[in-house]
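My request is simple: use the sequences and hints to build the entire structure.
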Amino acid sequence: MSDFPFSTVGFDLDGTLVDSFRDLGEAVNFALELGGFDRVPVDSSKDLIGGGAKIMLSKAVDAQGGLPADEFKVLYKKMLGFYSENNAVHTRPYPHAREVVDELKARGVKVIVVTNKFEEFARSILTQIDFIAPFEGVIGGNSLGKGADGQFLAKPHPDPILKAQEICGGGSFAFVGDSTYDVNAAKAAGVPVIGAAYGYCDKPPHDLGADSVIDSLGGLISALEAL
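Numbering (the numbering used here), first residue to last: 957 to 1183.
Hints in this document: simulated from the structure, not taken from any laboratory. Computed from a prediction, not measured in an experiment: that's the story for all the values here. There could be a bad hint or two in this list.
Claimed, not checked - The following label-pair restraints were derived from C-beta to C-beta distances:
1. L1183 / G1022: 37 to 45 Å
2. D1058 / D1105: 37 to 45 Å
3. K1102 / S1178: 33 to 41 Å
4. D1086 / Q1020: 31 to 39 Å
5. Q1020 / A1044: 24 to 32 Å
6. A1104 / D1018: 21 to 29 Å
7. V998 / E1092: 28 to 36 Å
8. A1182 / D1018: 39 to 47 Å
9. G992 / S1128: 48 to 56 Å
10. P1160 / G992: 30 to 38 Å
11. S1000 / G1064: 38 to 46 Å
12. S1128 / Q1107: 28 to 36 Å
Glycine included, each C-beta is placed from N, C-alpha and C at the ideal position.
Here you go:
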């Protein structure tokens, strides 16, 4: 442990630790059908993931003409209701996820999840797939409440990253994520970030602005050591 460069490693959830697009896509399609819109191919949900469920649904609805704000709010709540009961049907950890987390823990490194998914959903998923125990905490998109602008303090805001550092007792911290939300939050918090090229990247992986890019979680330890 003494020669490992970080005392804590933070992880995004969707597209970084877990492959969740199928369940998210089904929730989006459930809402689209209720709203009178056409379903979208489930695979296309990979292109919508990043800023949280609200942004994900908004992109899908806007692509088909949009909705007035009050109608969208009702549809969004119905989507959340569906997802709360169907969020781990297909969702599974990525290859090497369990092993790399175990190796970090064995080295004395703390691990924590920082996601834009609502905390209750993130905890539910991790519990259902038996993957919550290793983590010091789970910070969701709603965990820190709302800022002065009325929006949740979620990535790309730095506060979730800073809160993760605080929970884990300070010290050297690195973050792993697959989107510009992750990279921008980490940079705003002043911590190094590794891009997950295997995830749902909203830009080409090497254009995210991460300090390093990995093609698999199997390469994370060596990438961290090289930072």
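*31 to 39 Å as the expected CB spacing between Q1020 and D1086, which holds or is violated*: Hint holds: Cβ distance 38 Å, inside 31 to 39 Å.
_Given a hint of 48 to 56 Å, does the C-beta separation of G992 and S1128 actually sit inside it?_
Given about 51 Å between the Cβ atoms, the range holds.
*Between S1000 and G1064, does the beta-carbon spacing fit 38 to 46 Å?*
Distance hint for S1000, G1064 holds at roughly 41 Å.
_K1102 paired with S1178, Cβ distance criterion 33 to 41 Å_ = Since K1102 and S1178 have Cβ atoms about 39 Å apart, the given range 33 to 41 Å holds.
*So the hint says 39 to 47 Å: do the beta-carbon atoms of A1182 and D1018 match that?*
Check passed, 40 Å falls within 39 to 47 Å.
*Can the suggested window of 37 to 45 Å be confirmed for the beta-carbon pair L1183 and G1022?*
Holds, since L1183 and G1022 (Cβ atoms, about 42 Å apart) stay within the stated range.
_CB-CB spacing for E1092 and V998 relative to the 28 to 36 Å hint_ = 33 Å Cβ-Cβ, so the 28 to 36 Å window holds.
*Outcome of range test on Cβ distance (P1160, G992; 30 to 38 Å)*: 35 Å, holds
_I want to verify a distance hint. Is the separation of the beta carbons of D1058 and D1105 within 37 to 45 Å?_
40 Å, holds
*Between Q1020 and A1044, does the beta-carbon spacing fit 24 to 32 Å?*
This hint holds: roughly 28 Å between Cβ atoms.
*Between S1128 and Q1107, does the beta-carbon spacing fit 28 to 36 Å?*
30 Å, holds
*If you check the beta carbons of A1104 and D1018, does the distance land in 21 to 29 Å?*
At 26 Å between Cβs, range holds.
Comparing the model with each numbered hint stated earlier shows that all of them hold.
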